[in-house]
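As given, the protein sequences belong to chains A and B, one line each in that order. Position 166 of the first sequence, counted from 1, bears residue number 166 in the numbering used here, the numbering being contiguous throughout. Position 410 of the second sequence, counted from 1, bears residue number 410 in the numbering used here, the numbering being contiguous throughout.
Check the hints yourself; a few may be wrong.
List time: in silico DSSO-like cross-link candidates among lysine-lysine, alpha-carbon distance up to 27 Å [stated by the list, open to error]:
hint	chain 1	residue 1	chain 2	residue 2
1	A	K203	B	K4
2	A	K203	B	K162
3	A	K175	A	K149
4	B	K81	B	K252
5	A	K203	B	K364
6	B	K81	A	K34
7	B	K163	A	K175
8	A	K203	B	K252
9	A	K203	B	K9
10	B	K9	B	K162
11	B	K81	B	K276
12	B	K252	A	K175
13	A	K175	B	K4
Listed next, with one range per pair, are the computed distances between beta-carbon atoms [what the hints assert, rightly or not]:
hint	chain 1	residue 1	chain 2	residue 2	range
14	A	F67	B	D265	31 to 41 Å
15	A	G103	B	V15	34 to 44 Å
16	B	D370	A	Q2	39 to 49 Å
17	B	G328	A	I165	40 to 50 Å
18	B	D103	A	G55	22 to 32 Å
19	A	Q2	B	D281	51 to 61 Å
20	B	K252	A	A192	38 to 48 Å
21	B	G246	A	F210	11 to 21 Å
22	B	G328	A	R144	26 to 36 Å
Simulated from the structure, these hints should not be mistaken for lab results. Cβ atoms here follow ideal geometry from the backbone N, Cα and C, with glycine treated the same way.
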Amino acid sequence: MQPFSRFTGLVIPLDRANVDTDAIIPKQYLKSIKRTGFGPNLFDDWRYLDPGEPGMDHGKRRPNPDFVLNRPEYQGGEILLGRENFGCGSSREHAVWALTDYGIRAVIAPSFADIFFNNSFKNGLLPIVLAEDEIDTLFERANRGDGFKLEVDLEAQEVRSDDAIYHFEIDPFRKYCLLEGLDDIALTLQHADEIRAYEARRKVEAPWLFTHP
Amino acid sequence: MAGKTLYDKLWDSHVVREEDDGTALLYIDRHLVHEVTSPQAFEGLRLAGRDVWNRDSVLAVPDHNVPTTNRDAGISDPVAKIQIETLDRNCRDFGLTEFTMDDIRQGIVHVIGPEQGATLPGMTVVCGDSHTSTHGAFGALAHGIGTSEVEHVLATQCLLQKKMKNMLISVDGQVGPGVTAKDIVLAIIAEIGTAGGTGCAIEFGGDAIRALSMEGRMTVCNMAIEAGARAGMVAVDQTTIDYLEGRPWAPKREMWERAVVQWRDLVSDPDAEFDKIVRIDAAAIEPQVTWGTSPEMVLPVSASIPDPERESDPVRADGIRRALDYMGLEPGQAIAEIAVDKVFIGSCTNSRIEDLRAAAEVAKGRKVADSVKLAMVVPGSGLVKRQAEEEGLDRIFREAGFEWRDPGCSMCLAMNADRLEPGERCASTSNRNFEGRQGQGGRTHLVSPAMAAAAAVTGHFVDVRELAR
Ligand code: SF4
């Protein structure tokens, strides 16, 4: 994973609560056995007027001009601004892959669904929780469509606009892994001996957990 | 010191190590794998040259993409076919147990785990699927995980996890006749909202939960994720133990006796403290029908569609407006007047034998209404299907005009050919009514199996209690 560095990005306002993973990436695209290539189908049902299937040339489809991702003023956006319970629904990591493949590097919302939140960190996407009133202010700014940008500084745990600074909380371990671009599995395997010791103990305490017909 | 909750006990017995900040390595006993969320995980293992830590912990099955008709002819969708073949190959290469598409034991991953006794009390269970919460019905700690976590568990047998909060939802008293586990859980979501359980492990308790069969408890835990909780659970009692005895993967003889002794302790201590407690009066629960595009948009069948103008919170009012627009409904319309085009009985929420019996009870001697284009029953597994056929349920369904299919996820998420066309309205026993979930532009109303069958035979939503014989 790439280390997460400080960046300044254009903000895309997606003003809906409970944005679910079916909306982020519809199921027909989950048939892929790859991690990449989901970007053109991010928010597929909202983004295009015609139904989409895998393998289509998405450049030739009819974009929905009203959907925020299609509006000229939000092209190249890297920060998605959302409402409460963002990413609810299924565990599909494809939702995160679609966001990152599109070019989103951070999602800011008042709350996130647990599994989506977790999946984000595994893929270098930073989910940032801010208070409702701060989110309202950011929507108000981003909705103007005049190129509103934010600087995301994970090290300092801050999101900065020209005239304001918003502090956010983040789990220290997750922060460290993102900043260093660390692979969780390699880190866990450093504790392989402890895992084996645990297993040995459990095989005595509850041997039925290890039997297999 | 206060006693421990069930969740505390399950957590404590699985912590391999814990960092100062509370991040723990949690040991995973059972790993269920399906075709959609695993290919990239196996690819990751291969790229890093890693092996599966404990092969015996894995049970794999294709379910999301499998066809539910004419299975002998193979899979016609080439993309789905590659995905299923990829699962077969990965299981062969890594030496994992898989119930392939032609195995009678194949079915929806959350149906087959319990059915085989592969889900046991006191276990930690994961699967790359949010409805893994289902398995918590057995007094297990069951988490849905993403694909990176699937890879992590395959490689290390552990999940990196922080302890969640303890939440108790107590459904007190008893439900009336015709009110099922599905209605209970929908009523819970109506009460606490789709984010009400975020960050929590929910224990479902109270007399109404105790009175449920294991099938019913699984239905309730299945939808814990729809209340925002990654894990839901029910304490172990005699119902749990009776269900498991003799199942293929369950312990046998002396080992069974020993296990049962330990399992009986898998209950919250009387003096355990919960971070949140919600109490629900079971007797007040009516058969439920969702009317919108989120499971919290749910009402009793006797109610009418809400009016956004009466909602004071602008974000919520906007949500209602958008949902009514998508669903093609008007404020004030009676739910019982809404006509349906299709009926789907199935999914990991409601495709077990008890669900099929409840639907058959309503369908028996009746006919699917002419206005209903398709009514289908998709059993949760090959074994459920066989049992239903032994009980003659398939005949009841067929005579009433329902289609009787092969097991799989089917129209719950419409990854295969079973789906709604734009604008079609469906009474569905599944768990998600999101926009496009059952097909682009499709309109889903979540209900219990009996309510779905009642909608099929009358052509619209109806209080199933009115059809009672
Ligand atoms: S039946 Fe539906 S909810 Fe359950 S695992 Fe399959 S797709 Fe997911």
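Here's how the hints hold up against the structure:
Pair hint K203(A) plus K4(B) holds up; C-alpha atoms about 24 Å apart against a cutoff of 27 Å. A hinted pair counts as satisfied when its Cα atoms are at most 27 Å apart, and K203(A) with K162(B) qualifies at roughly 25 Å. For the hint pairing K175(A) with K149(A), the CA-to-CA distance comes to about 22 Å; that is within 27 Å, so the pair holds. For the hint linking K81(B) to K252(B), the alpha-carbon distance of about 38 Å lies beyond 27 Å, and the restraint is violated.
Restraint check for K203(A) and K364(B): not satisfied, since their Cα atoms lie roughly 50 Å apart, outside the 27 Å limit. Our distance criterion of 27 Å between C-alpha atoms is met by K81(B) and K34(A), whose separation comes to about 15 Å. Restraint check for K163(B) and K175(A): the C-alpha separation of about 18 Å stays at or below 27 Å, so the hint holds. Between K203(A) and K252(B) the CA atoms are separated by roughly 16 Å; this keeps the pair inside 27 Å, and the hint holds.
This hinted pair checks out: K203(A) and K9(B) have alpha carbons roughly 18 Å apart, not beyond 27 Å. For the proposed pair K9(B) and K162(B), the alpha carbon gap of about 15 Å is at most 27 Å, so the pair holds. Under the criterion of a C-alpha separation no larger than 27 Å, the hint pairing K81(B) with K276(B) is inconsistent with the structure, at around 45 Å. Distance hint between K252(B) and K175(A) is unfulfilled; the C-alpha atoms sit about 46 Å from each other, more than 27 Å.
Restraint check: the Cα-Cα separation between K175(A) and K4(B) comes to about 31 Å, which exceeds 27 Å; the hinted pair is violated. The hinted range of 31 to 41 Å is not satisfied by F67(A) and D265(B), whose Cβ atoms lie roughly 54 Å apart. Our hint of 34 to 44 Å for G103(A) and V15(B) holds, since their Cβ atoms are close to 38 Å apart. At about 59 Å, the beta-carbon gap between D370(B) and Q2(A) misses the expected band of 39 to 49 Å.
Distance hint check for G328(B) and I165(A): the Cβ-Cβ separation is about 45 Å, which falls inside the suggested range of 40 to 50 Å. The beta-carbon spacing between D103(B) and G55(A), approximately 30 Å, falls within the hinted interval of 22 to 32 Å. Between Q2(A) and D281(B) the Cβ separation comes to about 52 Å, which falls inside the hinted range of 51 to 61 Å. Checking the proposed 38 to 48 Å range against K252(B) and A192(A) shows it is violated: the Cβ atoms sit about 32 Å from each other.
Range check, G246(B) to F210(A): about 20 Å between beta-carbon atoms, so the 11 to 21 Å window is met. Judged by the Cβ atoms, the range 26 to 36 Å given for G328(B) and R144(A) holds: they are separated by roughly 33 Å.
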